[in-house]
Amino acid sequence: MKLDFLPELPFALSQPVLFGALLVLGLAAGEAARRYAALPRITGYVLAGVLLGPEATNLLSADALLDARLLVDLSIGLIVFELGFRLDFAWLRRNRWLLVTALAESAFCFAALYATLSWFGFRPLLAAAAAAIGTATSPAVVMVVAHELRAEGQVTERMLLFTAVNSMAAYLALTLLLPFLYFEQASAWQDALLHPLYLLAGSVLAGLVGCLLLLRLAAWIGQREEGQFVLLVAAVVLTVGAAHSLNLSVLLALLTLGMLARNLDRAHVLLPLRFGHGGQLFFVVLFVLTGASLEFASLATAAAVAVAFIVMRFLGKALALLAFGRLSGIRPGGAGLLAIALLPMSGLAVVMVQDTALFYPSFGRELADVVLAAVVVLELAGPLATQFALRRAGEARPDG
Amino acid sequence: MDEMSFSRSAGLSVGVELELQLVRPHDLDLSRDAADLLSRLGRRKLPGAVKPEITESMIELNSSVHTGCSALLAELEAMRAAVVQEAGVLNLRISGGGSHPFHDWAERRIFPNERFRFIVERYGYLAKQFTVFGQHIHVGCPGGDEAVYLTHMLTRYVPHFIALSAASPFYQGEDTSFQSSRLTAVSAFPLAGHMPFVADWAQFTDYFARMRQFGIVASMKDFYWDIRPKPEYGTIEIRVCDTPLTVRRAALLAGYAQALAAHHLAERSLQPARAVYLVNSYNRFEACRFGIGGDLVEPYSGVRKKIGQDILESIAKVAPHAAQLDCREALEELAAAVRVGQTDAGWLRGRHAARGSLADVVRDACARWEKDA
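Protein chains in written order, with our numbering: chain A, 1 to 400; chain B, 1 to 373.
Chain A on its own, in the form it takes in the complex (with noise of 0.2 Å):
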């Protein structure tokens, strides 16, 4: 008896076996944080990436999650895309204070970020490329508890609006700070001219190609749910790969393919966007891979810095909007709830300082020592304000 057709030991294990595992576990902690704990699904899910990634079992190599950032660029995708197919330029229109409430929401954000780095006497661009990721509030996280909660009312809308323009105020900022890095390693002026420019019109070249295609395609379809929701899982995906090899970026091509989508769709040829069960499977991949790239090491070296950045970002977002908040329409007391919703950071600044890392290593390390303590902090904690603020508001359901 040779037992030659048994598997040899130790088993490999597959990508999919990985990955399935992934969603196993993930799904059982989110489960577990919500019955035992009354936590939000996706501090299971981070928790459970913690677990299995390099600082614990390294079930999840360094590497490993290297070869996923695939994976985390198609969620993310996904995941803004939805957002901007929220954003509604006519509201904007009709409300002009609004609009400036959201501009001032990231720029006191910024200015509060920058003045407190700059006190820590970080130089200037490091200060300003921190201030700049921190000026975003993490879209899955506001989208993944909004729906999980099944919040809806005013607090919630403007959650998702100030949290579009926010995460694409902060890429315009970390973008045009380019050129001052190119400057600081002494490269051509044509490269620290050119790479801002290829970023942002291509990005957005390429959402507003994808929108096109996507709104003859639905047009040509015709209003039937199954084949538009095919079409809109294929235009996103399109769109993140071609950004992907296109070095172009991910957040900016799919906000602005939601956005375009939704607001050149004169016709209304597009359904209502639902991408349901489906949609959860990448919100779980997403924050396992997430939790799994969390450094806790930063969090000893730079606690103090991290503490400050929490504390200073909640203060500049919430100056804004209870200086405008008002003026905009909200309800007495929704302007602060809103402030807290707002605090969630987490795989985008991830993302983009991996993104910054991988053109410049050194200035890369030196930014993900002051972004990503915060980052540990609000990945844990994000979650929970935010699950809080709507649950105050009044706007999640009482069974959510």
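Incorrect hints may have been included.
From the structure, some residues in chain A lie toward chain B, with a derived Cβ separation under 10 Å [to be verified]:
#1 W91
#2 G153
#3 L273
#4 I330
#5 P332
Just a few of them, taken from the derived set where beta-carbon distance is under 8 Å, the chain B residues facing chain A [as the list claims (entries may be wrong)]:
#6 P25
#7 H26
#8 D27
#9 L28
#10 S31
#11 G88
#12 N91
#13 G356
#14 S357
#15 A359
#16 D360
#17 R363
Have a look at the derived ranges for each label pair, beta carbon to beta carbon [to be verified]:
#18 A:A267 <-> B:G341: 27 to 37 Å
#19 B:G341 <-> A:L205: 48 to 58 Å
#20 B:E77 <-> A:R34: 44 to 54 Å
#21 A:Y36 <-> B:I216: 39 to 49 Å
#22 A:A267 <-> B:D104: 24 to 34 Å
Please keep in mind that the hints were generated in silico from the structure rather than gathered at the bench.
Note that the coordinates shown come from a computational prediction; the quantities given were computed from them, not determined experimentally.
We put the beta carbon where it would ideally sit given N, CA and C, even for glycine.
Chain B: place on chain A using the hints.
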């Protein structure tokens, strides 16, 4: 029994209540922002009043009391414009129509106030299913006896009001084949139906006192009748209309009610008859199901005819009174629409046929309400 003493109101004055849909633009489903919208409207100087309704997806406009329907229309127009403007700040859209075509009733949330909480406690899921949108028309009566008389007289016209206002062909994502599906949601309530066959206000207050003694009702509000006397306002209230797709049509319907009341109070040519209630539920069903194309059995003569035909005849009959009340043109406009078979339910089905999705129907209905001039 203070509640039952009939207030004096200017005879034949008219006022309306309109329940409106709050729609969120991103998926055209019902939103739940009534509280935010109401608090914004509360800070504006508005004619009439704006009030919460049973679920957070609705608000109710109350006009003030008017003597003619052009003044009523002007006021409704001003209220409409204010509501649309404030809704715009909150990124909400507003629509008329008797039902939202595809919302899921289980998703609705009850507006947090004591009366609505009581209704949920009492009626369970019926309360959330009650997220339908109606127009109530108040007509002023000189006294309680007149109110009872008019209630009996106008019951004969209930199918007219249903057919003329019908604007709820779609419900829970389906074409119901009805012109007005909304009234089915009302019929489920135990105290729905019509006023008992009482001869005058004294008999009516006796009836009410007994019902209260039995513990079946606490106030007049607990009766969900098609037409009910409202002693507090000194009016009778016609409650069978769907909210039309425009304020204009809402004002026309009020003008028709006013002219009918004027005719019956002035002529007194008919006496209340049990036959009216014999044919009532049949006529009512025909109106809900087929609208102006349905059949109606005329209770006094026993003649069967088309509801549309009966409307045209009755408009001609009350025309002299309409002229005195400044609603003659309103009635002509209603009659013209009946002649060509134009109704809001038909318009909604037309939009669905042209566009292919119920979301588009909602979008078009919102645009129609918001642009209405």
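Checklist entry - Which numbered hints are broken by the structure, listed smallest first? => result Per hint list: zero violations.
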